[in-house]
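Listed in order, the protein sequences are those of chains W and B. Using this note's numbering, the letters of the first sequence map in sequence onto residues 1 to 65. Using this note's numbering, the letters of the second sequence map in sequence onto residues 66 to 227.
Hints are computed from structural coordinates only; laboratory data are not their basis. Built from N, CA and C at the ideal position, the CB exists for glycine as well. Check the hints yourself; a few may be wrong.
What the hints assert, rightly or not - The calculated lysine to aspartate or glutamate pairs, modelled on EDC-like cross-linking and capped at a C-alpha distance of 20 Å, are:
no., chain 1, residue 1, chain 2, residue 2
1, B, K127, B, E160
2, B, K82, W, E63
3, B, K130, W, D52
4, B, K73, W, E63
5, W, K8, W, E27
6, B, K73, B, D194
7, W, K56, B, E178
8, W, K8, B, D194
9, W, K15, B, D194
10, W, K15, B, D69
11, B, K82, B, D145
12, W, K56, B, D124
13, B, K82, B, D182
14, B, K181, W, E63
15, B, K127, W, D52
16, B, K73, W, D52
17, W, K56, B, E72
18, B, K82, B, E178
19, W, K56, B, E93
20, B, K73, B, E147
21, B, K74, B, D145
22, W, K56, B, D90
Claimed, not checked - Counterexamples of contact, computed for chain W against chain B with all Cβ distances above 12 Å:
no., residue
23, T2
24, R3
25, A5
26, C21
27, R23
28, G25
29, E27
Unchecked claim - Facing chain W, from chain B, some residues (calculated, C-beta under 8 Å):
no., residue
30, I75
31, L77
32, A87
33, V125
34, A202
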Amino acid sequence: MTRQAVTKHLRVMEKSGLVRCTRRGRESIWQLDQVRMDEIRSYLDLISQQWDDALKRLRSFIEEP
Amino acid sequence: MSTDRIEKKILLRGPVKRVWQALSDSNEFGRWFGVQFEGPFTPGAHVRGRIVGTAVDADVAKAQKQYAHVPFEITIERIDPERLLSFRWHPHAVEPGIDYSQEPTTLIVFTLEPRKDGVLLTVTESGFDQIPLARRAKAFEANEQGWGVVVKLLEKHLGEAA
Numbered sequence: 001m002t003r004q005a006v007t008k009h010l011r012v013m014e015k016s017g018l019v020r021c022t023r024r025g026r027e028s029i030w031q032l033d034q035v036r037m038d039e040i041r042s043y044l045d046l047i048s049q050q051w052d053d054a055l056k057r058l059r060s061f062i063e064e065p
Numbered sequence: 066m067s068t069d070r071i072e073k074k075i076l077l078r079g080p081v082k083r084v085w086q087a088l089s090d091s092n093e094f095g096r097w098f099g100v101q102f103e104g105p106f107t108p109g110a111h112v113r114g115r116i117v118g119t120a121v122d123a124d125v126a127k128a129q130k131q132y133a134h135v136p137f138e139i140t141i142e143r144i145d146p147e148r149l150l151s152f153r154w155h156p157h158a159v160e161p162g163i164d165y166s167q168e169p170t171t172l173i174v175f176t177l178e179p180r181k182d183g184v185l186l187t188v189t190e191s192g193f194d195q196i197p198l199a200r201r202a203k204a205f206e207a208n209e210q211g212w213g214v215v216v217k218l219l220e221k222h223l224g225e226a227a
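Using the sequences and the hints given, assemble the complete structure.
Below, the structure written as structure tokens:
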């Protein structure tokens with residue numbers, strides 16, 4: 001992968017808020033946005049929990065008519 | 066860890082016909098899920114509904130009713146009797162005043178596999194990577210107030226049952 005391609009990918013991730021870029025002289029320092037990553041994980045945990053709950057209700061519905 | 070997909074498996078002790086009916090009949094689906102649908106599930110149909118609360122757990126039903134104002138709509142994709150049901154929806158589309166209709170949807174697939182002692186049901190929901198990040202972050206904030214209560218109620222309920 002070329003340097004330009006890497007930068008292009010990082011810019012896309014920056015737009016999504018997943019990484020942040022700070023400049024130090026001629027250097028670009030890229031950092032992962034841990035808060036954003038945690039939010040995405042928490043979101044999936046939430047949806048996952050909702051499915052667990054829904055499937056428990058389905059089980060009651062089927063097994064205890 | 067995938068950020069795009071969730072998969073759940075559950076063994077349901079009952080005949081495949083019974084499980085299939087609980088999934089494919091929109092009235093039955095609505096009873097355990099907590100939604101009253103306006104029409105039947107047929108391939109390609111957009112089925113609208115209202116969140117009315119589940120019939121199987123009064124505490125959960127009460128918590129669900131806070132979303133009674135939220136429009137609920139699914140689009141059926143495939144119906145393969147006693148084997149597979151799939152549909153699309155806007156995940157966790159509960160924030161008032163937001164038009165989710167132009168946003169990407171996730172795909173939910175229920176797969177049934179007969180087992181000696183029942184039916185192994187697999188549920189997958191995928192497509193989360195296409196959901197706007199801001200939406201995903203917001204849903205978590207909403208959860209702190211809303212679904213957190215559901216989980217607490219559920220814990221209470223299970224605690225009493227144990």
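Hint check results:
| no. | hint | in the structure |
| --- | --- | --- |
| 1 | B/K127 / B/E160 | holds (18 Å) |
| 2 | B/K82 / W/E63 | holds (13 Å) |
| 3 | B/K130 / W/D52 | holds (19 Å) |
| 4 | B/K73 / W/E63 | holds (18 Å) |
| 5 | W/K8 / W/E27 | holds (16 Å) |
| 6 | B/K73 / B/D194 | holds (18 Å) |
| 7 | W/K56 / B/E178 | holds (18 Å) |
| 8 | W/K8 / B/D194 | holds (19 Å) |
| 9 | W/K15 / B/D194 | holds (14 Å) |
| 10 | W/K15 / B/D69 | holds (18 Å) |
| 11 | B/K82 / B/D145 | holds (13 Å) |
| 12 | W/K56 / B/D124 | holds (14 Å) |
| 13 | B/K82 / B/D182 | holds (14 Å) |
| 14 | B/K181 / W/E63 | holds (16 Å) |
| 15 | B/K127 / W/D52 | holds (18 Å) |
| 16 | B/K73 / W/D52 | holds (8 Å) |
| 17 | W/K56 / B/E72 | holds (15 Å) |
| 18 | B/K82 / B/E178 | holds (12 Å) |
| 19 | W/K56 / B/E93 | holds (15 Å) |
| 20 | B/K73 / B/E147 | holds (18 Å) |
| 21 | B/K74 / B/D145 | holds (19 Å) |
| 22 | W/K56 / B/D90 | holds (18 Å) |
| 23 | T2 | holds (25 Å) |
| 24 | R3 | holds (26 Å) |
| 25 | A5 | holds (20 Å) |
| 26 | C21 | holds (17 Å) |
| 27 | R23 | holds (24 Å) |
| 28 | G25 | holds (31 Å) |
| 29 | E27 | holds (27 Å) |
| 30 | I75 | holds (5 Å) |
| 31 | L77 | holds (5 Å) |
| 32 | A87 | holds (6 Å) |
| 33 | V125 | holds (7 Å) |
| 34 | A202 | holds (4 Å) |
Of the numbered hints listed earlier, not one is contradicted by the structure.
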